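The residues making up each chain are set out below.
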Amino acid sequence: MTEQLTNAEARFSEAPPRVSEWRRFCRVFFARRLVIFGLLILFLLFITAIFAPQLAPYNPYKQDLRSTLQQPSAKHILGTDSLGRDTLSRLIYGSRTTILVGFGTTAAAASVGVLLGLIAGYFSTSIINMIIMRTMDLLISFPMIILALFMAAILGGGIQNVIIALSVATIPGYARVTHGVALSIKENDYILAQMAMGSDHLRTMFRHILPNALPPLIVLMTMQLGNLILAEAGLSFLGIGIKPPGAAWGAMVNDGYRYLLRNPVLSFAPGLAIMLVVFAFNMVGDGLRDALDPRLRGLL
Amino acid sequence: MTAYIIRRLVWAVIILFMLTIAVFFAMRLLPGDPLMIYVAQSQLSSIGPEAMEKLRVEYGLDKPLIVQYFSWAGKVIKGDLGRSIFHNESVGKLIAWRLPITAHIGIVSFVVASILGALSGLLAGLRRGRLADQIVTPLAYVGITVPVFWLGILLIWVFGLKLGWLPIGGYTSPFEDFWMSTKQLVMPVVCESVLGLASMSRQMRSAVLEVTRQDYIRTAWAKGLRERAVVFRHMLKNCLIPIVTLMGFAIGTIFGGSVLVETVFNIPGMGRLMVNSIFNQDYVVVQATTLIFGAIVLVVNLLVDISYGWLDPRIRYS
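Line order of the protein sequences matches chains A and B.
The numbering used here applies: residue 1 is where the first sequence begins, and numbers increase by one.
The numbering used here applies: residue 1001 is where the second sequence begins, and numbers increase by one.
Keep in mind the hints are simulated off the structure, nothing from the lab.
These numbers come from a predicted model, not from an experiment.
No residue lacks a Cβ here, since even glycine has one placed at the ideal position from N, Cα and C.
Treat each hint with caution, since some may be false.
Claimed, not checked - Restraint ranges, calculated between C-beta atoms of paired labels, are given here: (1) A/111 <-> B/1213: 36 to 44 Å; (2) A/243 <-> B/1280: 36 to 44 Å; (3) B/1222 <-> A/111: 50 to 58 Å.
Please model the complete structure; the sequences and the hints are all you need to start from.
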């Protein structure tokens, strides 16, 4: 009796220690210092955007034509632009545009893309699948910024139209990922069992297939955020997007470009901000990918 | 292989057809009557209803949309892209003059991105963790995060304004003044190629790391081959597949980037034509430039697909 017990105990202690999914995730995710650095930048970005009115030393829209194009000083840490507006304050308010466009687009594109991908993958033998996925092929072969420019030309400027234009450009990524997952999951026996028990199409799609697509989707969203912020900056650099006097980083780079010799900080500071934020999203995306599903390496 | 090429060709034609449909109908989404837009833009202020009707018939706008589409597509195939209202010139002429400029910068950028991207990634992968890797890998990270227009301004400030080594913009044809043309080309090429270059370098590095572990590489080493032979004869072709896939993407970023780069460096190419036409509400030109950018990317992707089948025979049969 005692021998049996010790055997059982021995077998028990030989089994690998149970590590919860969450702890494994944290261990991999936080292993790289650059990921933590990225998280820190994103945290700062959110704090800046939320508390912009408290953090900004000046009103970002208030012109002061007596102190235009000032060099950085104790009064204006990053100097002033051609209309005498404080650069740091505009930079702080610009973070709101970045976040609004980045997350607004991701939310819109992901919901449409996931839905299309689910439908196409689930009804993979029907004509719907072909129509959806071929349209996605067409959209994805297009350079994002050209597509967004074309859309913006049709819809007109304004921040909500930029969100729509960039959404159209990013929908295919989500549709493809979801489509792929749906195709492979659909063949599993437990889906068949669900159907046999009377689960309808909608329930199967959203309760059984969608959760399997979540890890790659989360990674894709994070990585797309970086690209979107770059694209939004490009559009606002070209003068499409938020209307003046609103602040957007890309537009600030363009405003400063004209005064490059007199006050290069005007262009340099917002560009550096764009780069840091894009870098942070890419880093966190890489970390999420490695922690959620290392098999995606090289694919996403 | 022939069957594979034909399949890809047919596919490309179908996509091109879809592209024209998408562009045509998207333009019809413009708020308002296309005729009204035309009239407003050509500043024909006093125009009666009969004259309007006459114009409508003249432009074929009284016919059903499908008929309008086919008559438009028929003209596009013949190279007639319509007439720019702002420039008062045929769009074909506007583009014929600008496309070579964009193509010149784009092709040079593409070559630079592919060669430097592959080589730097190869180097970083082979010398993993050593000095070369420690230089290439962070630079590649910078390359995929830097906004190209900002990089352009940075370069202009350093090399154009502070050091005075390079002209700050403009374009000269290489047939006119080769030296000047090359000098003007340096900074735009750096900007247009940076994203593609960095992505290829990263991809190449991880492909090299993957391939190095394969048995056939160990065999090659065990046979006593020199490093050069192992790398160029046995590794390279297997690493090239992901690079070729990225080439299609790189062409997209290069021509997409031309919109920004040509604005920064004041280059009279297709990208700037498109941006200016958006602000001039010159929709015919916007439509044409979108179509041409799309067609270029499509053709390059077709070539990529074909070379992909050549590099990896498995693909031809799937």
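Results for each hint:
| no. | hint | result |
| --- | --- | --- |
| 1 | A/111 <-> B/1213: 36 to 44 Å | holds (40 Å) |
| 2 | A/243 <-> B/1280: 36 to 44 Å | violated (18 Å) |
| 3 | B/1222 <-> A/111: 50 to 58 Å | holds (54 Å) |
Consistency note: the structure conflicts with earlier hint 2 alone.
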